[in-house]
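Take the sequences, apply the hints, and build the full model.
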Amino acid sequence: MVLREIGYLTKKELVDSNCYPSEERFNKGLVVIIECTEEIPCNPCEAACKFKAIKIGKPITNVPILDEDLCIGCGVCIAKCPGLAIFVIDKTYSDNEGLISFPYEYLPLPLIGSIVKAVNREGKVVSSGKVIKVLNNKSLDRTPVVTIAVPKEKLDEVRGIEKLESKDSK
Amino acid sequence: MIEKEVVVIGGGPSGLSAAVEAAKRGAEVLLVDENLRAGGQLFKQIHKFFGSSAHKAGVRGIDIATELLEQARECGVEVWLNSVVVGLFNERKVAIKRTLTDNSEKLEIVQAKKIVIATGASENAVRFRGWTLPGVMGAGAAKTMTNVNRVLPGKRILMIGSGNVGLIVSYQLMQAGAKVVGVIEAAPQIGGYGVHAAKIRRAGVPIYTSHTIREAIGSKSVEKAVICEVNDKWQPITGTEKILEVDTITIAAGLKPLIELAMMYNCKCSFIPQLGGWIPLHDENMESTISGIYLVGDATGVEEANTALEEGRLAGIAIAEALEYISLENARKLKKEIWQRLNELRMGPFGEARMLAKNNILTGCKKQ
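Which chain is which? The protein sequence lines are P and U, in order. Taking the working numbering, the leading residue of the first sequence gets 1, the next gets one more, and so forth. Taking the working numbering, the leading residue of the second sequence gets 1, the next gets one more, and so forth.
Keep in mind that the hints were calculated from the coordinates and are not lab data. Source: prediction; values computed, not measured. Ideal Cβ placement from N, Cα and C applies to all residues, glycine included. Take these hints with a grain of salt, some might be off.
Restricting the straight-line Cα-Cα distance to at most 16 Å, the calculated cross-link-like pairs of lysine to aspartate or glutamate (EDC-like) are [stated by the list, open to error]:
id, chain 1, residue 1, chain 2, residue 2
1, U, Lys179, P, Glu162
2, U, Lys56, P, Asp141
3, U, Lys179, P, Glu165
4, U, Lys155, U, Asp283
5, P, Lys163, P, Glu122
6, U, Lys155, P, Glu165
7, U, Lys4, U, Asp63
8, P, Lys11, P, Glu157
9, P, Lys138, U, Asp63
10, P, Lys58, U, Glu337
11, U, Lys220, U, Glu260
Just a few of them, taken from the derived set where beta-carbon distance is under 10 Å, the chain P residues facing chain U [unchecked claim]:
id, residue
12, Asn18
13, Lys55
14, Lys58
15, Thr61
16, Gly73
17, Cys74
18, Gly75
19, Pro82
20, Gly83
21, Arg121
22, Lys124
23, Thr143
24, Lys163
Written out as structure tokens, the structure is:
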């Protein structure tokens, strides 16, 4: 089953499309994953990276390629991607846990320190997670970036959290 | 009779761009829009745009709209809002039902030298038993209610159509607090970008490909929807019915260009399904088969905001050239850059069919 049929990518498709950093690079620290495999005219990620780690070039329909050696995992590209397809992963956070940062454009935003349900690309809960950071400053232009800690072995799967209940009673 | 050098019909991204490019070079421009605010679909586009920096990629549609309106104001474009162009008559006379500042209405006839038709497109209907129940609406209507009027049309949504409109509106309805119970798509594959589909799949929304809607059920409004699988001949397969508990059914089954004014003026049209239906032909300057009438944006083929912006710019520059506000040399250079960007926007698997269709329009127009 492929993206066009099920609406989400499998790790195999990402690896086959050269979109996945090597395990060696993961073990060095924070690194970006750009889950964007289709040729669509779009290149704000390339412009966003001041380390020039993301390459698209011309034509702008080229699939973005990450230079994993130039990437330091700063995550500025996460909020710049109109497709919300960029994540930052840190597999070196601790012995058992790793971090994933993802764009989260829903309200309410999770609270730092809270426990949340981490979901995979299909929206299924695969783990619980602890919210480590929530960024929502002006430069993100209303795309908050949430960082959660999950068991390390779940990092290839987890790409978000289950939507939180709204406190609004409307 | 009022005289204006340029009359732009429709203040969406293509009309606004055309108005700005002509006005900033000295042309006298009147822009007419039927809404209370210009901006077209842009004020509903709360998501960040794709494209390149020339298309303000990464900027939200609503912010692009605000900027364009500001530019139009700065260039001295005259704007008549809440006013409808009701007809185009011989020798470029534009009949406008104008709403004045005291809310009274007046029929004005404006004599134009150049006219830009930027009327956009309207949503297609999908008919099924129960489709007239309250709660069934176009996805664009749901988007307007939610993003512009801040009214949530319903709490449990079934989206019909998995093109970019269906996928993006599903996401926006979720952001506004609704639950999208499912997206159905008659084709065996998802129509829109993979990244848009991925966003809603990550939120747990199922996308049922090879499915259609059979019926909407409810006494006074939608309470349930019956969907079922279709075979490779698009026919429903009995026995595969599923019942979904929903209160709203939003239809994102494509758009068709609004071309009545172009047809009224006898602009030649061609039937091009890939672009939404009957399409008025135009040349590289976005001029129709009738001299002095230009066509831009979704009215010349349903595409997206970025192509609308570029086509509008193209027409504005071509009009400035025709009215001698810009040299042939400068115009040629600017138009070439725009065509390069337009071609880039139409590249890739999602743009191919449109690229081909647009090239056929240019060829077809030459033959007239």
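Hint-by-hint comparison with the structure:
{"no.": "1", "hint": "U:Lys179 to P:Glu162", "verdict": "holds, 13 Å"}
{"no.": "2", "hint": "U:Lys56 to P:Asp141", "verdict": "holds, 13 Å"}
{"no.": "3", "hint": "U:Lys179 to P:Glu165", "verdict": "holds, 11 Å"}
{"no.": "4", "hint": "U:Lys155 to U:Asp283", "verdict": "violated, 46 Å"}
{"no.": "5", "hint": "P:Lys163 to P:Glu122", "verdict": "holds, 14 Å"}
{"no.": "6", "hint": "U:Lys155 to P:Glu165", "verdict": "holds, 14 Å"}
{"no.": "7", "hint": "U:Lys4 to U:Asp63", "verdict": "violated, 29 Å"}
{"no.": "8", "hint": "P:Lys11 to P:Glu157", "verdict": "holds, 8 Å"}
{"no.": "9", "hint": "P:Lys138 to U:Asp63", "verdict": "holds, 14 Å"}
{"no.": "10", "hint": "P:Lys58 to U:Glu337", "verdict": "holds, 15 Å"}
{"no.": "11", "hint": "U:Lys220 to U:Glu260", "verdict": "violated, 35 Å"}
{"no.": "12", "hint": "Asn18", "verdict": "violated, 16 Å"}
{"no.": "13", "hint": "Lys55", "verdict": "violated, 14 Å"}
{"no.": "14", "hint": "Lys58", "verdict": "holds, 8 Å"}
{"no.": "15", "hint": "Thr61", "verdict": "holds, 4 Å"}
{"no.": "16", "hint": "Gly73", "verdict": "violated, 20 Å"}
{"no.": "17", "hint": "Cys74", "verdict": "violated, 17 Å"}
{"no.": "18", "hint": "Gly75", "verdict": "violated, 15 Å"}
{"no.": "19", "hint": "Pro82", "verdict": "holds, 4 Å"}
{"no.": "20", "hint": "Gly83", "verdict": "holds, 3 Å"}
{"no.": "21", "hint": "Arg121", "verdict": "holds, 6 Å"}
{"no.": "22", "hint": "Lys124", "verdict": "holds, 8 Å"}
{"no.": "23", "hint": "Thr143", "verdict": "holds, 7 Å"}
{"no.": "24", "hint": "Lys163", "verdict": "holds, 6 Å"}
Violated hints for the displayed structure, listed by number in ascending order: 4, 7, 11, 12, 13, 16, 17, 18.
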